[in-house]
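Visitor: Sequence:
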Amino acid sequence: MNMAIRVFLLVLIIFSSICPALCIYEDQVGHMDWHQQYIGKVKHAVFHTQKAARKRVIVSTEENVVASLDLRRGEIFWRHVLGPNDVIDAIDIALGKYVITLSSGGTILRSWNLPDGQMMWESILSGATPSNSLLSIPANLKIGKDDVVFVYGSGCLYAVASIDGEVIWKKELTSEGGNIQQLIYPDGTDIIYAVVLVGLAQFDAYQINVKTGELLKHSSMVFPAGFSGDLSFITSDIAVTLDTTGSVLVAVHFQGGAISFHQTHVSELDRDFSGAAVMLPTKLPGMFALEINKSIVFIKVTNEGKLEVVDTFGRSTAVTESLYLSEGQQAFGLVQQGDGEIILTVKRGDDWKSNLLQETIQMDYQRGIAHKVFVNTYARTDRSNGFRVLIVMEDHSLFLLQQGEIVWSREDGLASVTDVIASELPVEKDGVSVAKVEHNLFEWLKGHLLKLKGTLMIATPDDIAAIQKMRLQSSEKSKMTRDHNGFRKLLIVLTRAGKLFALHTGDGRIMWSLLLDSLRKSETCQNPRGLSLHQWQDPHHHVLDENPSVLVVGRCDHSTDSPGVLSIVDTYTGQERNRMGPAHSITRVIPLPFTDSVEQRLHLLLDVNLQARLYPRTTEALDIFLRELGNIYWYSADVDKGILKGHAVQKNCILEIADSYCFNTRDLWSIVLPSESEKIIATVTRDLNEAVHTQAKVTSDQEVMYKYISKNLLFLATVSPKAVGPTGSVTPEESWLVVYVIDTVTGRILHHMTHHGSQGPVQAVFSENWVVYHYFNLKAHRYEMSVIEIYDQSRLDNKDILKLLLGKHNLTSPITAYSRPEVITKSQSYFFTHSVKTLAVTSTAKGITSKQLLLGTIGDQVLALDKRFLDPRRTINPTQAEKEEGIIPLTDSLPIIPQSYVTHALKVEGLRGITTVPAKLESTTLVFAYGVDLFFTRLAPSRTYDSLTEDFSYALLLITIVGLVIAIFVTWVWSEKKELQEKWR
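Using the numbering used here, the letters of the sequence shown correspond one by one to residues 1 to 985.
It cannot be assumed that every hint is accurate.
Unchecked claim - No more than 25 Å apart at the CA atoms, straight line, and that leaves these computed lysine to any residue pairs for SDA-like: (1) Lys171 <-> Trp121; (2) Lys711 <-> Val639; (3) Lys489 <-> Lys920; (4) Lys846 <-> Val427; (5) Lys697 <-> Ile749; (6) Lys920 <-> Arg601; (7) Lys846 <-> Pro593.
These are computed hints drawn from the structure, not numbers from a lab.
My request is simple: use the sequences and hints to build the entire structure.
Guide: What follows is the structure in structure tokens.
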């Protein structure tokens with residue numbers, strides 16, 4: 001028996017030494033997370049299809065991204081995100097190998113290497129007069145030995161060398177900030193013509209020497225009726241625009257410096273004309289386009305200068321710029337929207353009746369209409385012209401069409417996510433066993449055998465292929481049902497285009513998408529925009545047959561008094577259940593902590609008149625609301641006036657048409673901040689759905705501290721008026737940061753502190769009884785992070801552990817916000833290396849697991865920082881008891897541990913927000929970061945103490961146990977035989 005025990009211990013030691021070698025953290029990167037790269041809605045595109053190079057298209061987007069895309073697959077070769085304030089004005093290609101970008105209102109000119117995207121040079125073009133911008137790269141034009149790029153910006157015209165970005169000459173054209181319309185360079189001359197509109201009525205034409213920048217001639221003329229919009233250039237010396245009424249076409253002739261105006265009433269071209277016409281920004285040879293009476297009319301300018309209507313199309317028609325073909329011919333493309341299809345037509349500029357190409361392509365209705373179209377030509381094998389067309393759709397998606405088919409598509413609307421909410425997946429139906437899910441028991445055993453062979457590295461190539469196929473077919477993380485750990489969910493995201501996407505947390509694939517009709521442009525809603533997402537129905541228990549749904553809130557314009565729109569969408573199917581509006585304005589949505597019998601959550605919608613409307617509009621919801629009327633409070637912050645107010649519901653609205661779901665509100669309290677010393681820059685509240693495990697906190701000296709837990713707390717940050725600008729714009733003596741913790745029911749200030757010599761921007765997060773905020777210290781020239789913890793002093797009598805065990809305490813006694821709380825606060829500040837874009841905190845199902853702060857850094861990465869580093873009770877020399885409690889020795893700076901980057905070596909370009917969702921497994925939280933890119937992962941702040949890892953080999957464990965049992969039995973037999981032999985001696 002002793003021999004059996006020895007063998008057992010030996011085998012156990014061997015297997016114990018093997019296990020750690022299998023735990024390679026680097027291999028886990030990508031196993032629980034996914035990363036998706038996007039570019040945003042394309043606004044400029046330039047094709048590069050030289051035979052010697054890889055075919056690509058250079059694009060710039062509304063997310064300020066310049067990127068190079070593969071024309072074969074749509075993949076990103078390279079890209080650069082320029083920043084939120086560096087808006088790209090124009091792009092082009094110089095010398096066939098450099099990408100030139102003009103941004104920031106014509107003040108920054110950059111050159112990028114075409115193959116790899118490396119920046120070659122950058123030029124800052126200074127100017128004092130604001131104006132629009134223009135980029136022009138003429139072919140075969142050199143000044144000295146340099147190829148030249150012409151740039152107009154800030155009222156000045158620049159000639160810049162394309163090889164090194166040096167400014168060759170600069171010419172100020174107008175001191176009044178005129179808007180450039182066109183730069184015209186006739187081949188073989190030394191003169192460049194600049195056409196500028198000054199104000200709404202003055203037309204200026206300049207003749208400038210290309211070599212020196214000398215002004216040769218300046219012609220100016222005023223049109224008394226004024227111009228409406230930009231010019232559309234028909235030829236090099238004729239432009240067309242509309243007058244201020246939108247009813248008269250004005251043809252401007254400026255040949256040889258002489259300017260003349262010729263007027264034509266729009267009604268002469270269209271007898272049914274009424275209202276005002278709109279000039280469309282097209283660049284077509286010899287013609288232009290107008291939007292008249294919801295139709296697009298193409299008008300041609302004849303050689304005699306007369307205007308003729310060529311054709312009329314529906315409103316949903318997109319037009320490309322002119323494309324140069326061989327032998328000086330030009331062509332352009334039209335994309336018309338049909339019923340579930342788009343019609344692509346390519347026409348010659350000098351022959352409208354004949355078509356070079358006409359194709360019909362099936363298109364999903366959820367894409368919307370085509371917004372922009374870019375066309376490119378290529379030579380077919382029979383030497384005829386073929387065309388490839390890049391289409392930007394209403395939902396910001398991008399398509400490449402060629403030979404009547406969609407070559408590739410990109411869902412770049414996901415680069416502009418505005419809000420995120422998580423939804424559960426369907427429950428697995430009753431009676432579905434493990435054997436049925438895995439097809440049958442034999443397949444299940446076969447799968448685990450193959451996994452075992454792979455673990456022992458004895459699998460053949462066929463076995464490896466079978467393992468990969470099996471993982472793709474039966475991957476646990478990508479199933480469309482709930483899992484017992486709560487890892488599989490749907491992320492419902494709302495984009496700026498007004499489209500909803502449902503993303504599976506397992507692999508990030510799109511389960512469904514919906515372009516909301518309520519957020520599409522219409523006669524009643526001209527400029528719709530989505531505001532937020534809210535949980536509308538989350539079925540549990542007795543209503544599991546109901547599908548969960550979300551409430552989508554939007555409004556018809558950017559102003560707060562514009563009509564609001566509401567949509568209710570099923571999160572399982574992506575179908576719109578109900579749609580309301582345009583109706584009353586919506587300034588704020590307050591989700592209430594009440595649900596009806598079918599678990600629809602009640603919501604209170606506030607308008608600009610401070611009236612509150614209840615949704616859903618049912619009798620049951622109204623009864624619940626009236627019953628809880630005295631427990632509903634909220635606050636409002638007027639940033640401009642520096643006033644903070646508390647509100648409550650008063651009585652029904654007095655309207656012309658009685659509405660029992662509309663209520664007036666009343667002011668409960670107000671705080672007026674001194675406008676000469678404080679300006680509101682940040683407000684943060686707790687997450688209403690946050691779970692708090694315990695209110696008591698036991699310290700190292702066995703004292704019990706009680707957290708002050710309230711969902712009515714508000715963190716408010718203000719700065720001095722001079723410090724509202726960018727960081728470093730004021731001196732430390734002129735700047736200060738003041739923070740408040742306020743009870744929003746009574747308006748009572750629980751805590752207030754001033755940071756002298758500090759400045760915003762302030763990023764903050766509120767969780768449980770603590771708030772952490774990030775700001776800039778001007779005196780130390782470093783960023784800082786501060787923490788405030790609030791404790792309840794009214795429960796100091798509950799220190800007796802015996803009372804807690806016997807229930808003789810006042811923890812369950814009713815609490816009212818109107819009783820003056822006895823609170824104490826603890827605070828501490830630390831230096832921090834990085835600037836922070838956004839702050840979030842991990843959340844778990846029960847609130848037991850330790851918290852981690854998630855910091856979105858200026859480098860577009862997500863850093864996880866243990867909350868223990870921001871404990872205000874940290875000291876330089878903690879006692880042994882404090883060390884056992886987990887208190888870390890005090891340092892002046894917060895550490896940045898490279899392994900703590902949640903995004904690993906990846907970047908979430910243009911990072912805007914971080915959302916955390918608790919899983920059912922208490923140790924784990926789900927993290928979703930969004931910007932131009934999307935990133936998802938799972939975090940375990942306190943390690944996975946309540947589960948085994950997903951890659952744990954149950955087959956190897958089973959074989960180990962069987963092997964140990966066999967070893968024990970064999971050694972027992974050997975031991976018995978040996979004892980018997982010894983007895984016979």
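Visitor: So, for every hint listed, does it hold in this structure?
Guide: Taking the hints in turn, this is what the structure says about them:
Simply put, lysine 171 and tryptophan 121 have alpha-carbon atoms about 22 Å apart, close enough for the 25 Å limit, and the pair holds. Of the pairs offered as hints, the one joining lysine 711 and valine 639 holds, with about 22 Å between alpha carbons and a cut-off of 25 Å not exceeded. With a CA separation close to 11 Å, the supplied pair lysine 489 and lysine 920 stays within the 25 Å bound. About 21 Å separates the Cα atoms of lysine 846 and valine 427, which keeps this hinted pair within 25 Å; it holds.
A distance of roughly 24 Å separates the Cα atoms of lysine 697 and isoleucine 749; the hinted pair therefore holds under the 25 Å criterion. With a C-alpha separation of about 21 Å, the suggested pairing of lysine 920 with arginine 601 holds against the 25 Å cut-off. With a CA separation close to 18 Å, the supplied pair lysine 846 and proline 593 stays within the 25 Å bound.
Checked against the numbered hints above, the structure violates none of them.
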